[in-house]
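Novice: For the record, the sequence lines run as chains A and B.
The first sequence begins at 1 in the working numbering and counts up by one.
The second sequence begins at 1001 in the working numbering and counts up by one.
None of these hints come from the bench; they were simulated from the model.
Take these hints with a grain of salt, some might be off.
What the hints assert, rightly or not - Derived DSSO-like pairs: lysine-lysine, alpha-carbon spacing no greater than 30 angstroms straight-line:
no., chain 1, residue 1, chain 2, residue 2
1, B, LYS1082, B, LYS1097
2, B, LYS1132, B, LYS1075
3, A, LYS201, B, LYS1097
4, B, LYS1176, B, LYS1132
5, B, LYS1132, B, LYS1097
6, B, LYS1082, A, LYS201
7, A, LYS72, A, LYS152
8, B, LYS1082, B, LYS1176
9, B, LYS1241, A, LYS201
10, B, LYS1176, A, LYS152
11, B, LYS1131, B, LYS1075
12, B, LYS1241, B, LYS1176
13, A, LYS152, B, LYS1132
14, A, LYS152, B, LYS1131
15, B, LYS1132, B, LYS1241
16, B, LYS1082, B, LYS1132
Unchecked claim - If you want the ones that stay clear, here's a sample from chain A, every Cβ over 12 angstroms from chain B, calculated:
no., residue
17, THR71
18, TRP78
19, MET200
Just so it is clear, CB atoms sit at the ideal spot from N, CA and C, and this is done for glycine as well.
Each chain, written out:
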Amino acid sequence: MKSISLILPAIFLGLLAPTLSEYQIYLLSLTLLWSILALGMGLILGYAGEVNFGQAGFVAISAYVSTLLRTKLGFSFWEAAPIALATTVGCAAIVGSITMRLRGPFFVLVMLAFGEIVRLILSNWQSMTNGPLGLRQIAPPEPIFGMNFQSKLSFFYLILAVLTLVIIAMIRLVNSRMGRVFVAAREDELLAEFLGVPLMKSKVIALSTGAFVGALGGLLLAPFLTVLSPSQFSMFAAVDMVVMVIVGGAGTIVGPIMGAIFLVYVPELLSFSHEIRPILMGTLLILATMFIPSGLAGFFTPYIDRFISRWKTKKASL
Amino acid sequence: MNTDASPILVVEHLAKSFGGVNAVNDVSFEVQLGSIVGLIGPNGAGKTTTFNLISGRFTPSAGLVSFDGVPLTGKRPDQIAKLGISRTFQGTRIFPKLTVSENIQIASIAGANIGFWSDWLGLPSARFIEKKAQERAYEVMEWTGMQGVANSVSGSLAYAHQSLLGMAIALAMRPKLLLLDEPFAGMNPGETQSAADMVLRIRNDGITVVLVEHDVPAVMRVCEHIVVLDQGRKIAEGTPKEIATNQSVIEAYLGINEDA
Chain A
1 MKSISLILPA IFLGLLAPTL SEYQIYLLSL TLLWSILALG MGLILGYAGE VNFGQAGFVA
61 ISAYVSTLLR TKLGFSFWEA APIALATTVG CAAIVGSITM RLRGPFFVLV MLAFGEIVRL
121 ILSNWQSMTN GPLGLRQIAP PEPIFGMNFQ SKLSFFYLIL AVLTLVIIAM IRLVNSRMGR
181 VFVAAREDEL LAEFLGVPLM KSKVIALSTG AFVGALGGLL LAPFLTVLSP SQFSMFAAVD
241 MVVMVIVGGA GTIVGPIMGA IFLVYVPELL SFSHEIRPIL MGTLLILATM FIPSGLAGFF
301 TPYIDRFISR WKTKKASL
Chain B
1001 MNTDASPILV VEHLAKSFGG VNAVNDVSFE VQLGSIVGLI GPNGAGKTTT FNLISGRFTP
1061 SAGLVSFDGV PLTGKRPDQI AKLGISRTFQ GTRIFPKLTV SENIQIASIA GANIGFWSDW
1121 LGLPSARFIE KKAQERAYEV MEWTGMQGVA NSVSGSLAYA HQSLLGMAIA LAMRPKLLLL
1181 DEPFAGMNPG ETQSAADMVL RIRNDGITVV LVEHDVPAVM RVCEHIVVLD QGRKIAEGTP
1241 KEIATNQSVI EAYLGINEDA
């Protein structure tokens, strides 16, 4: 029932999209892309309880590997995608097995360093990545199963489809044993371990699945923006994801999506200049933790529940 | 009680030192299958450290612990838990933000052997384990009489209830051996009595129990076998009667609490 209530908006968006202007479709696509990225962060931050400032590094690995496979080796988008995803998850598993031994602030610092290392490699490996100038004119995904992704609208449908699959997969995951194990380890590591949870393994799995979701976002990001440069994957990109999760509501699935909607549309509507974006993010983070610690999702859930129960009783009385 | 009992837990020459201080020093004892064993001693005697050594929180400096014939040396807490040893903590340890039923359900499933994919895809093998864990959670909930507070946030419960939940969490793991760290601490006589009854029922259900406790009269009532520690060493071992009349125990410990 809950999963249906999350899928219905996807169908609604799909029907709505053809009536929108190109700019509105662009904004919506951007929102959905950020939703995928925020969900990846939401898994590790909200469920496993670890702040991963290196998440942008994983997104970058996926975006660059897939794009380079296409431009340098002539792979199609669909051939490059699984390789890029596997590379990212492999990196996450290796980085995770090293860093997950570290507790508290050390994990945060090492992942921050990891993200920066990825960014520096991308900036300095000029022959491969074209350095800070970046990769340009990235083509949309090649047609598959008779579907063509040349138009902005068709690409929007692709992003919508991926997001929907991510949501379904994540609902499954958080309700599975593994999801509950993540929560147990988040709430009390010591107790979880004595209940039979292999801490290291479960944290590495959380980091890797979070990286996988981020990598899906990275795959779509490259052809959506048509340009890739290392500066897109700085620590601030990871901070944006963290803010989306916290403002939207950590430990939920709708939360990161609400956070992404909020953080794409609010700056756009108020036409904030790019320079003050970090200030906006910082302020929002402080306000959210002070006034709505359970995020937008936690703030609205009681109202939505009341609305649904009222609607149900009305239906019952008819 | 099983008369031709065999030891389920063997502790041999166990030692642990922290920076030169011998918290546990050459302690040996055996726990018979299906018995209730009490570990008593004054503050700092090394009781909780012994528990931490058995359950894998600390690695022994020397000595050996074996459970059901399997040496536990070098095993992590989660591996030891999976072998069938569960424990509670001093001052209780629960997931305070989760409800009572969530606490018990997590405990019943956390250590289950389900592969990532069969778990995520909800394959029949995973569902079968899940169903059995679910059943165990209900069983424990009913058994401990916590159905009435099943949906309460566990951190908001009264202390005696939290302590009971700590025991329920440990039981949800279907242990063979249960280590209880001060199960009667902070309880009034009535609560102690019902907790002691619970310990007896746990044993009658086929689970061996070792408990660390300060409440000596309660230990005397519940336990069949008592091990007395003082300053990291074992100073006596025997039935409650033998312990009550043991001269070195009276000197070290009971003498102070004779009227208790």
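Novice: Would you mind marking each hint as holding or not holding in the structure?
Specialist: Hint-by-hint comparison with the structure:
no., hint, result
1, LYS1082/B / LYS1097/B, "holds (25 angstroms)"
2, LYS1132/B / LYS1075/B, "holds (26 angstroms)"
3, LYS201/A / LYS1097/B, "holds (24 angstroms)"
4, LYS1176/B / LYS1132/B, "holds (17 angstroms)"
5, LYS1132/B / LYS1097/B, "holds (25 angstroms)"
6, LYS1082/B / LYS201/A, "holds (15 angstroms)"
7, LYS72/A / LYS152/A, "holds (25 angstroms)"
8, LYS1082/B / LYS1176/B, "holds (10 angstroms)"
9, LYS1241/B / LYS201/A, "violated (48 angstroms)"
10, LYS1176/B / LYS152/A, "violated (62 angstroms)"
11, LYS1131/B / LYS1075/B, "holds (29 angstroms)"
12, LYS1241/B / LYS1176/B, "holds (27 angstroms)"
13, LYS152/A / LYS1132/B, "violated (50 angstroms)"
14, LYS152/A / LYS1131/B, "violated (47 angstroms)"
15, LYS1132/B / LYS1241/B, "violated (42 angstroms)"
16, LYS1082/B / LYS1132/B, "holds (16 angstroms)"
17, THR71, "holds (33 angstroms)"
18, TRP78, "holds (23 angstroms)"
19, MET200, "violated (9 angstroms)"
Going through the hint list in order, the structure does not satisfy hints 9, 10, 13, 14, 15, 19.
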